[in-house]
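Student: The residues making up each chain are set out below.
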Amino acid sequence: MTRPEEFQRRSHLYRVCREAGAQWRAMNGFGVPAHYGDVGGETAAAARLAIADLTALPRAGYKGWGMADWIRDQGVSLPEPNRALRQEDGTLACRLSSGELLLLADDDQAALIDRLGHAWSMDDAVCFPVPRADASARLVVTGDDSAAMMAKMCGVDLRSHRFADHDIAQTSVARMNVIVLRHDRGASLAYDLIFDSASAVYLWGCLVDAMAEFGGRIVGLNAIDALRG
Amino acid sequence: MKIMPCPLNGPRNISEFSCGGEVEHLPPPDCDHATWIDYVYLENNTRGIVREWWYHTPTAYWFVAERDTRTDEILRTWPAGEFLAEFGERR
Amino acid sequence: MTPGRLPSSAGQLIDRSKPLSFTFDGRAFAGYAGDTITSALLAAGVRVLSRSFKYHRPRGTLSAAGHDANSFVQVGDEPNVVADTRLIEDGMVVEAQNVFGSLDNDKARLLDHLGRFLPVGFYYKTFYRPKGAWKVWEPVVRRLAGLGTVIPSTPHGYYDKQYLWADVVVVGGGPAGMAAALEAAAVSGTVEVLLVEENPCLGGSLTYARFDAEGERAARERATLVAAVEGCDNIRVLVGAAANGWFTDHFIPVIQGNRMFKVRAGSVVVATGSWEQPLVFRNNDLPGVMYGSAAQRLVNRYGVRPGSRAVIATANADGYACALDLIGAGVDIAAVAELGPAMPRHDLAVAVADHGVPIMPRSTVVEAEPGPWKDTIEAARIAEITGPGTTAARHDVLDCDTVVTSVGWQPAANLVWHAGGRTPYNETISMLEVGELPAGMHAAGSVAGCFRIDTVIEEGRRAGWLAARDSGFNGAAMPAVRNDRGETGQNHPWPMFEHPKGRDFVDFDEDLQIHDLKDAVSEGYTHIELMKRFSTCGMGPSQGRHSWLNAIRINARENGISVNEAGMTTQRPPYTAEKLGVLAGRSFEPERLTAMHWRHVEAGARMMQAGVWYRPEHYGGDDRDAVIDAESRHVRGKVGLIDVSTLGGLEIRGPDAADMMERMYTWAYRKQLVGRARYTLMTDMTGVITDDGVACRLHENHYYVTATTSGVDGVYQEMLFWNAQWRLRVDITNVTGALCGVNIAGPRSRAVLTRLTDEKLDAESFPYMAVRQANVAGIPCRLLRVGFVGELGYEVHCPAHSGEALWDALMEAGRDHDIRPFGVECQRLLRLEKGHIIVSQDTDGLTNPLEADMDWALAKKRPFFIGKRSIDIQRDNVQRKLVGFEIESRNGHGNIPRECHLVIRDGDITGRVTSCSYSPTLDKVIGLAYVAPDQAEPGSTFQVRINSGRVDGRRVRITPDTFVACRVVPLPFYDPENARQEPGNAGP
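In order, the protein sequences belong to chains A, B and C. Note that the first sequence covers residues 0 to 228 in numbering that gives the first Met the number 0. Note that the second sequence covers residues 0 to 90 in numbering that gives the first Met the number 0. Note that the third sequence covers residues 0 to 987 in numbering that gives the first Met the number 0.
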């Protein structure tokens, strides 16, 4: 059976997930929580309220005065700041400011991220890689109650009729700097939280506490994939 | 809690920001002592309309806001680049 | 017939199918679901709820709405519960507070007879002499004047907070508020309306007041409005919720139970109603004296008869409405004393007269006569009014057990006041009136001075429409409002009748009588704010809601000015008492853990907080000093590993990177070689040291700079601030959390590291302060040869998610070399031996590099770096120097100087100790201290006072023995030739 310690790369949350009964699978150099022994129940819970650790999923960032020019030259379509735009290979390009881009993949097929990594070079660079894969953890909050739960931690109105799919709020969540991306999975409301990886255990604890009153659950990646359909 | 209209992020609780003080010219290196000491130690503490640097912490974003210190009303904001383009670059 | 429960049909808010039992002062009582503690006790004939603050007089309900402290009780471990509004629960344990002995037999009630020795300003006048007297009296006074008991063992409750957004927030669920909410919601289906009601159900005055002789109107309106609100999809209702303040941009904390909603509104309708005001006469605080609205609340909400025979004193129609309700409840009305010149002609008064109740115009109650135990009423004395506050000598004495007063109202305009709105006094109606309101705020109902029910509802609708418009919604035409605000609710201009023997209470919370306030003014506390503070009027739990209108009137008259000239004291949030738990909520205290955190915990580390991070202080053992000594010997003798992941990291990249470095840091970086590291020192504009670290040049256009754990966020923000103006072609990225790091140090460090990397580590290939990008254990790392702890050592920085794997690999590779982890305290000791400073430990908010003996790190020729000019100005005026010192010691960790112990010369402070420790390697006590410049030469000695007058918490006399002589020595203390940092010389 797969164990997270077999892998060189480990999410800060692997012990927390292990205590919650995670069953693991390999992905992108990590062992990731595939499920917690109840895929059907987890998938149903994910439509109501659930959280999952997506830290292992590939991501990258580019920042600098020439980011927009360079990234367009690489064939990436850029959205407006604080919006995300899905690229041909499925990667989400999240524009954090005029000069900063965050790229998120939803599975370990990260063709665009890999291609940009090879294309970039320090010589004549007008923008620079941001080490998002390690600087950040990535969690997802899914389900109908997720907006109400987020309101216990965040002062930005994230309700679905005020905060559209692929909207981004870079704000304070539980007194931490967090990038909140609305990124629905199938028909389910979902928010991805990208934030300082060293604070993952802290924020996870806040989320578990905040979702208790709604009966939220910790779920594995299989349940999130099932929502995506 | 007050709302700050951030040029990058839109209206946000003021707790997401910190103020960097009034926009001031850095004196040239060869200025006299008095000019330098005034710049370093003395705040203008203007009663009226001021232009201030503000920092949005979650995005590490500096911008300029025009504020009336009598009413605490924020009248206008600029991205740093636009402000400098409008009111002159400094080095 | 005493107070008691009415027949089964009465009481809109109680559910007689759900009986509950509770205890009050140990006695068992019964009530119904929906009863408050006050109503359930009154239903059982219990009128005395508490003893007053100062005189310990018995008190009962005054407002039945908690507008005073009379009904404060203790419920279990919760003090200061408002019995008027707290609903009873099965098994609830209620106790009287502020009582010595029992509520019925309070030993402190004798204070009432000492009243003339307890004048206004009593505390200020009595206990200030002789010096120290207050220290003696304070505990006595505090106990006598206590409010409830704090029980420290109370378990922590679970409190939290939640943001809430609404286009229109309506505060107050009475007729005006419900009408406003309905109209706002009707403007558009997308308007989000939040209706906040303090009581457990909607209705406001409709749950108790009477608007017609028949007594049908209130219930009918309530049923209609509540049904409409409940049927409206875009109105969210919060009941049992207090909107406790207004803050900028319509930010309103709404407290419901243990949760605080942080409500952000587009616009606000204030429909918070008004507070009835007391009639002031002798013994107006006896249990059984109450407002008309209190009597109506008891009858109509809870089905409780407040007494058997009542005298009513009234200046408005509300008193007659109350009389009809009391008659309906079987209360005998002895008389209505009408404070106005004649019996009113309205339907309500006529109906009262038709019941055969004598109505006595131009009359008032001037005294309530107490029963033998001073806690009941036996009769009311009524006299003719001859002028403002004066009455004829002849009294009618009417037997009664209850006195009901209806003499006026005060708007509950707290949110208006918080928002900066004004409420000037209207002399015509003797009432504060809501004047101009801040943008986006509207008022309706009795808070806005309207008491006629039809008009209240219409004004509510208009306020709701206006609020929706302010939030950007436009609908049908603005609702019309009739120009008739009614005659009920009129205030009497001077409802106060001073009695020669006093006990005519203006402020019930603070036991203040008319003459107390007059005395305050005559003693010179003429301004309303001074009178308030001297007398404490309005400073009790009810914050003046029943007292300050009369207090302002008294102040105005005593000063010979108008009420508006007297003005009003400033009102601030909160509107009503809130628990500290609610304010604290779920506390969000961010914590950062390094990737290796759990490995330290598993190895027995004692973790300490370093800013938001957790770091290993030392590993295992109860004898802290011994453990740290052992760790330091291990690093010096073999090899140690420390987690340095919390170090800040910044990437400075771009063609102008070197320029940026030279502007931000004090030293020179343009000529720094790629592949080499260099010390960095940062100062602010005043020349004060703010941070330090090392800069690794990884490419012509790329510096990787470390910063201190606590300083990196400030450094990053500062760099961005300046480059927002300089606009250099450089990008600055904070990579602190992206990288993990360890320092492997000690003579065997190279041997361990060699096992895990192909990089050549010999002295020539990898010299001191070299930087390489290399794989370690297959992990892409940045490798730095450093010497912070004074031994051969390498910092290895790797991607954060590989941090634990790196730690594991190094511990495994080092097993044969007896590698051991070491903690922050050991590192501090090792660097001290090496004479390295720690910014913010060995520097303070004023330290410049000249004082810290770091002139070597200042670029001399460059015209500019942040702080250069200020340092240059201070160059000729250095007031202190940081020096190394040692004292001979035979007792190891004995009584040695500590951080911040003072350097003293001839009785003057010349400096202080910043670091000091016993060095097991050197077997002596070493340290760093600021001293006067003329004490800084090696070989000089100075004196440090090693305690601050206390030893182990006991005060001690400072004697010459408490000074320790220290000798200045050159730095570093350990290995001045830096030989230990070289691989060839480092032993095995």
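Hints were generated in silico from the structure; no laboratory data involved. It cannot be assumed that every hint is accurate.
[To be verified] Residues from chain B shown here face chain C by an in silico Cβ test under 7 Å; the list is partial: (1) M0; (2) P6; (3) G9; (4) A33; (5) W35; (6) V39; (7) W61; (8) I73; (9) R75; (10) A79.
C-beta atoms are modelled at their ideal positions from N, C-alpha and C, and glycine is treated no differently.
Student: Now tell me if each hint is right for this structure.
Tutor: Results for each hint:
{"no.": "1", "hint": "M0", "verdict": "5 Å, holds"}
{"no.": "2", "hint": "P6", "verdict": "12 Å, violated"}
{"no.": "3", "hint": "G9", "verdict": "13 Å, violated"}
{"no.": "4", "hint": "A33", "verdict": "11 Å, violated"}
{"no.": "5", "hint": "W35", "verdict": "5 Å, holds"}
{"no.": "6", "hint": "V39", "verdict": "5 Å, holds"}
{"no.": "7", "hint": "W61", "verdict": "4 Å, holds"}
{"no.": "8", "hint": "I73", "verdict": "10 Å, violated"}
{"no.": "9", "hint": "R75", "verdict": "17 Å, violated"}
{"no.": "10", "hint": "A79", "verdict": "4 Å, holds"}
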